[in-house]
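Go by the hints and put chain B onto chain A.
Sequence order for the protein chains is A and B. Those letters in the first sequence? Residues 1 to 632, by my numbering. Those letters in the second sequence? Residues 1001 to 1259, by my numbering.
Calculated from the structure, these hints are not laboratory results. It cannot be assumed that every hint is accurate.
Anything over 10 Å on all C-beta distances counts as not near chain B; from chain A, calculated [stated by the list, open to error]:
#1 F34
#2 N143
#3 S255
#4 E257
#5 L343
Subject to a maximum C-alpha distance of 20 Å in a straight line, what follows is the list of computed EDC-like cross-link-like pairs (lysine to aspartate or glutamate) [as the list claims (entries may be wrong)]:
#6 K1191/B x E115/A
#7 K1206/B x D1141/B
#8 K68/A x E1144/B
#9 K566/A x E1144/B
#10 K68/A x E1137/B
#11 K1244/B x D1224/B
#12 K1150/B x E257/A
#13 K1150/B x E115/A
#14 K1150/B x E261/A
#15 K68/A x D1141/B
#16 K286/A x E261/A
#17 K1150/B x E265/A
#18 K26/A x E1144/B
#19 K26/A x E1137/B
#20 K26/A x E1189/B
These numbers come from a predicted model, not from an experiment. All residues carry an ideal CB built from backbone N, CA and C; glycine is no exception.
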Amino acid sequence: MDIDTIPKLLYENYCKHPDKVAQREKRFGIWNEFTWRDYFEHVKYFSLGLLALGLRRGDKISIIGENKPEWFRAEVAAQAIGGVVVGIYTDAGPQEAMYLITHSDSRVVVAHDQEQVDKILQIKEQVPLVEKTIYWDPRGLWNYTEPKLMSYDEVLALGRKYEAEHPGIFEEELQKGKGNDLAVISYTSGTTGLPKGAMVSHRQLIELAKLGRDLDDWTEKDEYVSFVPPAWITEQCIGITGCILSRMKASFAESPEMIQENIREIGASVLFYGPRNWESVVRAVKAKMTDAHPFKRFLYNLFLPVGYKIGDIRLSNKQPNTLWRFVYFVAYWALLRQLRDKLGLLKVRTAYTAGSAISPDILRFFHAMGVSLKNMYGASEIGTVSTHTYDDIRPETAGFPLEGIAVKISDESEILVKSTTLFDGYYKDEEETRKKLRDGWYHTGDFGHIDKSGHVIVMDRMDDLRSLASGQKFSPQYTEIRLRFSPYIKEAIVVGGEEREYVTAIINIELANVGRWAERKRISYTTFSDLSQKEQVLELIAEEVMRVNRTLPEWARVKKFASLNKELDADEAEMTRTRKLRRTFVEEKYSDLIQALYSDVSELPMESEVVYRDGRRAKIKTGIRINTVETG
Amino acid sequence: MSAGDIKLKVESVSLAFGGVQALADVSFEVRDAEILAIIGPNGAGKTCLLNCISGFYKPQKGEIYYENRKITGLAPYKIASSGIARTFQNIQLYSGMTTVDNLMAARHIQIKPFLLSSAIYFGPAHRREIQHRRAVEDIIDFLELESIRKKVVGMLPYGQRKKVDLGRALALESEMLLLDEPMAGMNYEEKEDMARYILDIFDLRKIPIVLVEHDMSVVMDISDRIAVLDFGRKIAEGTPEEIKVNPAVISAYLGDSAF
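Chain A on its own, in the form it takes in the complex:
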């Protein structure tokens, strides 16, 4: 038979390696192992359970939950009987979840726990198509009497019963699946407008996983820790398809907060974090070091530059000389090894980042420790486009296009991609499909170019490029990322435009680090809002802005900035769930502030509304200071 679907791949693993470990999950303080037999049997009975519940070929199911074996099983189970999976981010609000469930016509929702079940029950009137909500963590749900609710174990039991009544039906259903069947509808995070559902087939996912496996030699000896949300195409390629394809072991942390410790216990060799996660690791190290014992700080300040030096030499594709190698040896054992170990990165062989652009400075930090973190560039619509090879990692680029993927640059400097891994179009959105897919080329909407050696360089989103009154173009994102590398700056929005003479920025301070800094300087403060407007804090931020300004061409330098008196938040739709800025929205919301940045006022009285998690609203009143930075 042709092994052309994900469930068939799993079946093959089950036949050939039933007793090898496939997954691990930490539960009750110990790592529980699941073999390919366990994995397969769970998938089999769950899918028969779904069949018994009336799910048919082509039907959609939505899954909302943290990374757990049950998530993966539910997906492959649905696919085994021809179902199509829609992943929903755990922090999606009821309205977002409702949009995805309704738009995808999901008939079944698989939800993690009480929190997610409550979300679904809250919108059950608006999603009449949903016949069952299945949960796998029963905690707190003991007394729910909702008839549409069912536990994971009940579905398994239903599946076992169904098999007794219809022997052999699972294998039959499995064979009916074809590579071109839809596997997943991956909703794009939607920095612009409503999310769009990219339809992705089994063939595409398997091809993408093969590309990854062949490039980085994923094998059954590798340890992968599943952390990025499975709702994201990347985890679909690596965690679900990639692990089944290469038999790389996937481990699941106890809870998202425990990830660092759990990665360390597992000794992960392949790791995928979003850029924000890598950033927060660096930020945590820097914050910890300011509190560390003076001797430790001394070692850190002495040897980290050595790491940087060697990292830079290697990044520029050269070999360090003997003296440097010796110094690095000392630095490695005195500091870098411990640092890697503490971060759980000691055994990491391949580390990826993707999603939005990552600061080259972050990349350098990990290379200084000897962790070869590399950039990956892709999108829900095409999967992975390009990534670095081991011997050619460059912080500022997104690497080479993968084999079989053609990349070209349009006249407007937009990146266009053509490959067999291209998506089948947007679900129920012909018009958008036609817009994005022209003559077989997918229009990424990313602004960039290909350098002499063939590396793809992604600068920014096409829509986000700005030009100033003088006509000179600049990339706000580029500056923002560099601002964010400061431990004191959490978010930054860089503003400018054709009607404007210069560039300005709205900055969100990082409460934890600025707070600690203020404590050390004996500056008292009450709330975030108070701290953000302190004279000394503004001076601190001004210095950080100037540092970034020095790396920018003169016209693109930030001339004025304001420190925002509240944190930008996904709950208020200022950011997407993957924590990308929703620029247009934010600029509209703070148009007064931006106006003030382009006038002569030194302070703007402000009233801003905050929405709490539970939906309550409140108003905050303060003044926001406008600060001028020397750009000369």
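Using the frame of chain A, we list chain B on its own:
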């Protein structure tokens, strides 16, 4: 709430320290499956009452019955092993030990060691250890203590220690829980979490919970019945709705001038 069987009965208990009358003729009952809250202003005698039930104080007058058995004046450890577990207002944990060890220590009531098998360790003693660790891990999972499992309790923030204290009471596998101000000193979010845990424990274990609490709003939301103390006297008892409109309670909390 249905009446249910009576689990604990406090009969006209009085307690005085010298001239201070801490409790005066207090009577109430705890039914089989209910959350009973005892509220009252500072110094009303709430904690004294709990201390009487759990055996730390011996009331000068009155009797306390647990499952129709008189427990007045029994030593605290005997009361604990009869199935009443409690938490403390000023957390009483082994602050030099880790979370896991604190919870394991609470299991000692369940452990009936034999000198010989314990000395050998492997075999029965080992199996027992695993069985108890399993129960402790259940509690860790339940209260979401994973991230502090191996941390020394003394180093933990207050809210977390409160959770460990609750975990320790759960580890006793008791048939009744006495919680002394479980939400004192917590912020709004921590309080909400704690309220959820208490409701979850109640749902899962179906055991009566007696809750002494200062924060009226939380109490109103989660308890089935409320008893109100003021200056050592019970001034009201009833459902949250009844208590909310009870004039004696309002005057005790807000002062007479509120009228």
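Inset, instruction - Please work out if K26/A and E1137/B have their alpha carbons no farther apart than 20 Å. - result: Answer holds: K26/A to E1137/B is near 12 Å, not above 20 Å.
Inset, instruction - Please confirm whether L343/A is truly not at the interface, meaning its C-beta sits more than 10 Å away from all C-beta atoms of chain B. - result: Its Cβ never comes within 10 Å of chain B, the nearest being 16 Å, so this holds.
Legend entry - Exclusion check [E257/A not at the chain B interface, CB over 10 Å]: 5 Å, violated
Inset, instruction - Given the hint that K26/A pairs with E1189/B, test it: the Cα-Cα distance must not exceed 20 Å. - result: Distance of about 27 Å is beyond 20 Å: violated.
Inset, instruction - Starting from K1206/B, check that the Cα of D1141/B is at most 20 Å away, please. - result: 19 Å, holds
Legend entry - Outside-interface status for S255/A - nearest CB in chain B farther than 10 Å: 6 Å, violated
Legend entry - Agreement of K1244/B and D1224/B with the hint, judged by alpha carbon distance not exceeding 20 Å: OK: K1244/B and D1224/B at ~13 Å, within 20 Å.
Legend entry - Least C-beta distance between N143/A and chain B, which was stated to exceed 10 Å: About 5 Å separates N143/A from the closest Cβ of chain B, which leaves it inside 10 Å; violated.
Legend entry - Non-interface label on F34/A, tested against every C-beta of chain B at 10 Å: Per Cβ check, F34/A is outside 10 Å of chain B; nearest 18 Å; holds.
Inset, instruction - Would you mind confirming whether the straight-line C-alpha gap from K286/A to E261/A stays at or under 20 Å? - result: 18 Å, holds
Inset, instruction - Decide if the proposed pair is consistent with the structure: K68/A and D1141/B, CA atoms, cutoff 20 Å inclusive. - result: Distance ~15 Å between K68/A and D1141/B Cα, so the pair holds.
Legend entry - Proposed proximity, E265/A with K1150/B (alpha carbon, max 20 Å): 14 Å, holds
In this structure, the earlier hints numbered 2, 3, 4, 9, 13 and 20 are contradicted, and the remaining ones agree with it.
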